[in-house]
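**Student:** Chains D and H, in that order, are what the protein sequence lines are.
Per this note's numbering, the very first residue in the first sequence carries number 1; after that it's consecutive.
Per this note's numbering, the very first residue in the second sequence carries number 1001; after that it's consecutive.
Keep in mind the hints are simulated off the structure, nothing from the lab.
Quick reminder that beta carbons are idealized off the backbone N, C-alpha and C, glycines included.
With beta-carbon atoms standing in for the labels, derived distance ranges: (1) H:S1009 - D:G55: 41 to 47 Å; (2) D:V5 - H:T1019: 33 to 39 Å; (3) H:S1027 - D:T28: 31 to 37 Å; (4) D:S118 - H:D1062: 49 to 55 Å; (5) D:N52 - H:G1012: 38 to 44 Å; (6) H:S1078 - D:N102: 24 to 30 Å; (7) D:N101 - H:I1098: 16 to 22 Å.
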Amino acid sequence: QVQLVQSGADVKKPGASVKVSCTASGYTFTDYYIHWVRQAPGQGLEWVGWINPYGGATYSAQRFQDRVTMTRDSSISTAYLELSSLKSDDTAVYYCARRGNNWYADYWGQGTLVTVSS
Amino acid sequence: QSALTQPASVSGSPGQSITISCTGTSSDVGSYNLVSWYQQHPGKGPKLMIFEVSKRPSGVSDRFSGSKSGNTASLTISGLQPEDEGDYYCCSHAGNFIPFVFGTGTRVTVL
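Looking at chain D on its own, in the form it has when it is part of the complex (with noise of 0.2 Å):
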C-alpha cells in the first residue's frame, strides 16, 4: 500500500534552516510528483510548492520561493523539503502529500511540525 513517512519533529532558532525528509513506499517513486503543504497551528492548509521526482524539476508558490529548496534521492524514494532564514510564523505542521493522476493529492505522510523559537 502507498505510504509517505517523514521525519520527526524540529525545533530551530529565527535565521536557521529546516529540512525535512519523505519517504515513499508502494509505488514508482518517480512516476508520481510530491507536492509540500504547511498548516500553521489551529489554520488552514497552504500549498508550498512540488517536485518531480523523475527529472527533478520543481516550482514553489511564489512567496517561498527564495527560501524553499526541494530536491529528492530516487535510490531511497526520498523527497526532502528545505526552508531556509525560519521565522517565527514559519512553525506549521509540514506535509508530503502525492499528486494523482491531476490536480489533487491522494496519499498524505503523517506531518512534520516544525516550531520555530528563539
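Model the placement of chain H on the given structure of chain D, informed by the hints.
**Tutor:** Okay, now just chain H, sitting in the frame of chain D:
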C-alpha cells in the same frame, strides 16, 4: 491568490445530510473541474474524499458526494455518522502557477 471561502462550521444530527460550500472565483473553481475535498481528523494528515469535483477514491463511502455550479463547489455528506466529525478542506487548481489553492476549512460537528 486568496483562499477559497468555506463556512467555519456545519453541524447535523446522525443520519441527517449536510452540505459544505466552497466559493472561489472564475480563475479557480469556475475555470477548472479540478476541485478536491479533504477530511482531516485532529492530529492527522488530510485524507482525500473527492477529486475532480465529484469522483470518489476507492474506499471512500458513497455517503460523500461532490458537485459544482459556477464558482461554487459543494460537498454533501448524507447519513451523517459520528466518524464524519472533523475538518474539511476544499481545494482547486488555479493554473500552472497556482496548482493548489485551499479553502478556509469547515469544522463538521455531529450533534
